[in-house]
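> One-letter residues, chain by chain:
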Amino acid sequence: KQEVTQIPAALSVPEGENLVLNCSFTDSAIYNLQWFRQDPGKGLTSLLLIQSSQREQTSGRLNASLDKSSGRSTLYIAASQPGDSATYLCAVRLLNMNYGGSQGNLIFGKGTKLSVKP
Amino acid sequence: GAGVSQSPSNKVTEKGKDVELRCDPISGHTALYWYRQRLGQGLEFLIYFQGNSAPDKSGLPSDRFSAERTGESVSTLTIQRTQQEDSAVYLCASSLTSGIWDEQFFGPGTRLTVL
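For the protein sequence lines, the chains are A and B, in the order given. Heads up, the first sequence is in the working numbering, so the first residue is 45 and it goes up one at a time. Heads up, the second sequence is in the working numbering, so the first residue is 32 and it goes up one at a time.
Keep in mind that the hints were calculated from the coordinates and are not lab data. Given the structure is predicted, the values throughout are model-derived calculations rather than measurements. There may be inaccurate statements among the hints.
Straight-line C-alpha distance at most 27 angstroms; calculated DSS-like pairs for lysine-lysine [claimed, not checked]: (1) B/Lys88 to A/Lys154; (2) B/Lys46 to B/Lys88; (3) A/Lys112 to A/Lys157; (4) A/Lys157 to B/Lys42; (5) B/Lys88 to B/Lys48; (6) B/Lys42 to B/Lys88; (7) A/Lys112 to A/Lys45; (8) A/Lys161 to A/Lys112; (9) B/Lys46 to A/Lys45; (10) A/Lys112 to A/Lys154; (11) B/Lys42 to A/Lys161; (12) B/Lys88 to A/Lys45; (13) A/Lys157 to A/Lys45; (14) A/Lys45 to A/Lys161; (15) A/Lys86 to A/Lys157; (16) B/Lys48 to A/Lys112.
Sample of chain B residues at the chain A side, in silico, Cβ under 7 angstroms [unchecked claim]: (17) Leu74; (18) Phe76; (19) Phe96; (20) Ile131; (21) Gly138; (22) Pro139; (23) Gly140.
To list a few chain A residues with every Cβ distance to chain B over 12 angstroms, as calculated [stated by the list, open to error]: (24) Glu47; (25) Ser56; (26) Pro58; (27) Asp83; (28) Thr89; (29) Gln95; (30) Gln125; (31) Asp128; (32) Asn149.
Where a beta carbon is used, it is the ideal one built from N, C-alpha and C, also for glycine.
Generate coordinates for the entire structure from the input sequences, incorporating the hints supplied.
Set out below in structure tokens:
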């Protein structure tokens, strides 16, 4: 059974710091890995999606890496801002999907709650 | 275009009452997913629909939970005889197909509080 773990559960940093959020998964047979941002009352916003054949993806100040063999991904946030304060979720999509099977769904970690202080 | 919408945004109910949550997927999306997020927990898969095929109900926690979807439109998640442990944010997502290559787009969620 695939399990996704995120460390730390919460993180508080001063504005301007670079930071790293960690995600690990137990089964390396994934199709892709996705990082989301969750703001209260606003659902989930997709930040970066890394296919299993890729090593990293970048978008602005965000960089996500993937090491499938070791079951790890990191989300790097450069020059953090108070507006980055949110919960960051990591989710994997399993490789072996049976049509109509629950493996089509995403497997989520519990998230890292980030607070960036002005 | 319009994203996934859910209603109500917040629902407070008394233990033992039935509740109905609604999800409007993105137009043209054939796959629809329901997830639950309890406090301090990750999102848990509940059920998914793909077109007119029989839904995958493997994530439903008990027979008090059910969901319906007519064709490729609106879905409703019903919880009967609510319990306090049902308190959670219920999130709906849709994707173009159920293929693993298709990204899921999430709605804002319904926060359910059972007193």
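> Against chain B, does A/Glu47 hold up as non-interface, every C-beta pair farther apart than 12 angstroms?
Contrary to the label, A/Glu47 does not stay out of reach of chain B, its closest Cβ about 10 angstroms off (not over 12 angstroms).
> Tell me if the straight-line CA distance from A/Lys161 to A/Lys112 falls inside 27 angstroms.
The given pair, whose Cα atoms are some 33 angstroms apart, is violated under the 27 angstroms limit.
> Verify the interface restraint on B/Phe96: the C-beta must sit less than 7 angstroms from at least one C-beta of chain A.
Constraint on B/Phe96 not satisfied, violated at 14 angstroms.
> Measuring Cβ to Cβ, find out whether A/Gln125 lies farther than 12 angstroms from everything in chain B.
With a cut-off of 12 angstroms, A/Gln125 remains clear of chain B, as the shortest Cβ separation is near 23 angstroms.
> Hold the hint about B/Phe76 up to the distance rule: shortest CB distance to chain A must be less than 7 angstroms.
OK, holds: B/Phe76 within 7 angstroms of chain A, min 4 angstroms.
> Please work out if A/Lys157 and B/Lys42 have their alpha carbons no farther apart than 27 angstroms.
Holds - the C-alpha atoms of B/Lys42 and A/Lys157 are around 24 angstroms apart, at most 27 angstroms.
> May I ask you to check that A/Asp83 keeps its beta-carbon over 12 angstroms from the closest beta-carbon of chain B?
9 angstroms, violated
> For A/Asp128, is the shortest beta carbon distance to chain B beyond 12 angstroms?
19 angstroms, holds
> Within 27 angstroms, alpha carbon to alpha carbon, are A/Lys86 and A/Lys157?
15 angstroms, holds
> Hey, B/Lys42 versus B/Lys88, does the alpha-carbon distance stay inside 27 angstroms?
Roughly 23 angstroms between the alpha carbons, so the hint for B/Lys42 and B/Lys88 holds.
> With a cut-off of 7 angstroms on the beta carbons, see whether B/Pro139 makes it to chain A.
OK, holds: B/Pro139 within 7 angstroms of chain A, min 4 angstroms.
> Between the alpha carbons of B/Lys46 and A/Lys45, is the straight-line distance 27 angstroms or under?
33 angstroms, violated
Consistency with the previously given hints fails for numbers 8, 9, 11, 14, 16, 19, 24, 27, 28, 29 and 32, ordered from lowest to highest.
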